[in-house]
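Chains R and D are the protein sequences, given in the same order.
So that you can map any letter, position 17 of the first sequence is 17 in this note's numbering, and since no number is skipped, the others follow by simple counting.
Each number in this note's numbering corresponds to the 1-based position in the second sequence with 111 added.
Every clue listed holds true.
Simulated crosslink set (DSS-like; lysine-lysine; CA at most 30 Å straight-line):
no., chain 1, residue 1, chain 2, residue 2
1, D, K125, R, K103
2, D, K120, D, K168
3, D, K120, R, K103
4, R, K103, D, K168
5, D, K120, D, K182
6, R, K81, R, K103
Some but not every residue of chain D turned toward chain R, in silico, with C-beta under 10 Å:
no., residue
7, G151
8, L156
9, V161
10, Q211
11, G216
Calculated directly from the structure, the hints in this document are not laboratory data.
Positions of the beta carbon are idealized from the N, C-alpha and C atoms, including for glycine.
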Amino acid sequence: GQSLEQPSEVTAVEGAIVQINCTYQTSGFYGLSWYQQHDGGAPTFLSYNALDGLEETGRFSSFLSRSDSYGYLLLQELQMKDSASYFCAALSLSGNTPLVFGKGTRLSVIA
Amino acid sequence: NAGVTQTPKFRVLKTGQSMTLLCAQDMNHEYMYWYRQDPGMGLRLIHYSVGEGTTAKGEVPDGYNVSRLKKQNFLLGLESAAPSQTSVYFCASSYSGDEQFFGPGTRLTVL
Chain R
1 GQSLEQPSEV
11 TAVEGAIVQI
21 NCTYQTSGFY
31 GLSWYQQHDG
41 GAPTFLSYNA
51 LDGLEETGRF
61 SSFLSRSDSY
71 GYLLLQELQM
81 KDSASYFCAA
91 LSLSGNTPLV
101 FGKGTRLSVI
111 A
Chain D
112 NAGVTQTPKF
122 RVLKTGQSMT
132 LLCAQDMNHE
142 YMYWYRQDPG
152 MGLRLIHYSV
162 GEGTTAKGEV
172 PDGYNVSRLK
182 KQNFLLGLES
192 AAPSQTSVYF
202 CASSYSGDEQ
212 FFGPGTRLTV
222 L
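All chains should be built: construct the whole structure from the sequences, respecting the hints.
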């Protein structure tokens with residue numbers, strides 16, 4: 001089967017840095033995406049890694065290691081508005097599910 | 112550009128009733144998807160389409176049907192609603208699969 005594991009909850013202080021890890025077991029793995037979802041809202045795309053290494057987009061960075069089947073999302077200079085759920089999602093070229101989502105990590109940013 | 116729109120936003124059904132959810136996108140994307148999201152869960156793919164006139168089953172297709180008669184529209188039908196189909200339904204579209212754009216969601220309750 002295909003599965004992704006990520007922590008269910010993370011709490012961090014405003015202004016700090018937080019890392020959300022994701023390990024995956026996916027046949028036909030092609031790349032790893034990250035999405036943010038605020039309560040009551042729709043998921044929004046944050047980043048995508050097809051190759052090993054770090055991708056940086058402003059305060060957010062995402063990392064992928066194919067050999068370790070592992071990735072992470074790094075959020076810097078945390079703001080209260082970053083409190084949300086974050087989902088990793090594996091893009092697959094095989095099977096009947098082209099994009100498999102993890103169950104999400106709920107990030108709470110505290111003052 | 113409106114992006115991805117979904118109608119209706121809310122709906123309450125009785126067990127056994129049928130309904131159709133409409134998704135429309137104005138980004139000329141080939142790929143379109145229907146997901147459901149339940150509390151504490153990630154998004155699970157119901158059906159998807161890789162182009163006009165094509166559909167494919169996702170992870171949880173039972174009890175749902177879809178049609179993609181026009182490139183910009185993707186319809187999700189519930190033939191005979193069951194309480195287990197109470198969920199939030201998200202439609203998404205994508206140019207290549209890695210970055211998906213989500214609609215605002217439809218909150219469906221089946222009594």
